[in-house]
Amino acid sequence: MQSKVTWITDGNTNGVAISPDGKSLYIPDAGISKFRPSNKNPYGKRMFWAFDMSGSGTLLTNQHMLGILLTYYYDGIRASRVGWLFASSGDGVDVIDPETGFVLGSVRVGRGSKVAVSLAFREHEMWIVGNGGVRHVKNIKARLKRDW
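Numbering (the numbering used here), first residue to last: 1 to 148.
Read the hints as simulated data drawn from the structure, not as lab findings.
All clues stand as given, with none of them false.
Computed spacing ranges between beta-carbons, pair by pair:
#: 1; residue 1: H64; residue 2: R146; range: 17 to 25 Å
#: 2; residue 1: V137; residue 2: T6; range: 31 to 39 Å
#: 3; residue 1: K4; residue 2: H136; range: 35 to 43 Å
#: 4; residue 1: G83; residue 2: Q63; range: 12 to 20 Å
#: 5; residue 1: L70; residue 2: R143; range: 25 to 33 Å
#: 6; residue 1: G22; residue 2: Q2; range: 18 to 26 Å
#: 7; residue 1: D97; residue 2: Q63; range: 14 to 22 Å
#: 8; residue 1: V129; residue 2: S56; range: 27 to 35 Å
#: 9; residue 1: N139; residue 2: S54; range: 32 to 40 Å
#: 10; residue 1: G22; residue 2: K114; range: 29 to 37 Å
#: 11; residue 1: Q63; residue 2: N131; range: 25 to 33 Å
Derived SDA-like pairs (lysine to any residue); straight-line CA-CA distance at most 20 Å:
#: 12; residue 1: K23; residue 2: S80
#: 13; residue 1: K45; residue 2: F102
#: 14; residue 1: K23; residue 2: R81
#: 15; residue 1: K138; residue 2: V107
#: 16; residue 1: K141; residue 2: D97
#: 17; residue 1: K138; residue 2: R81
#: 18; residue 1: K4; residue 2: I18
#: 19; residue 1: K141; residue 2: V103
#: 20; residue 1: K141; residue 2: L104
#: 21; residue 1: K23; residue 2: F51
#: 22; residue 1: K45; residue 2: I68
#: 23; residue 1: K141; residue 2: V95
#: 24; residue 1: K145; residue 2: V82
#: 25; residue 1: K145; residue 2: G105
#: 26; residue 1: K23; residue 2: P98
#: 27; residue 1: K145; residue 2: L104
#: 28; residue 1: K114; residue 2: W127
#: 29; residue 1: K45; residue 2: V16
#: 30; residue 1: K23; residue 2: T6
#: 31; residue 1: K45; residue 2: G15
#: 32; residue 1: K4; residue 2: G15
#: 33; residue 1: K114; residue 2: G132
#: 34; residue 1: K45; residue 2: L25
#: 35; residue 1: K114; residue 2: N131
#: 36; residue 1: K4; residue 2: L25
#: 37; residue 1: K145; residue 2: R122
#: 38; residue 1: K138; residue 2: A120
#: 39; residue 1: K114; residue 2: G15
#: 40; residue 1: K145; residue 2: H124
Where is the CB? At the ideal position from N, CA and C, for every residue including glycine.
All chains should be built: construct the whole structure from the sequences, respecting the hints.
Here it is in structure tokens:
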């Protein structure tokens, strides 16, 4: 295996998701400097980016911003079976429309030091992990888990 740089970040990114059709790649920018990771500038970048992917998946084009977060930043992200984006962000997980960037809803995990960092899907359930423990959300009507 060998890696190849396809996009240069200017901040600190964490988390990446691919759309179910394999045509889009989503990357959040945490807005934290690589030189001072403890510096969480309230006016720093907190953009959520989308890219088109080439058929081979080796070329990223059409970079466009899905949104800018007002508080905290997106950390771990996943795309569901139908394409919704689930992004951990501070005190919860936001559910985002991949076309408009609108937040459709959220699952709160607490506040203060209880933050959502990463998440995983099963068929109709979601696991959220972060400071404060592991949380389980079940009985979700939509099928989340993807076949691959």
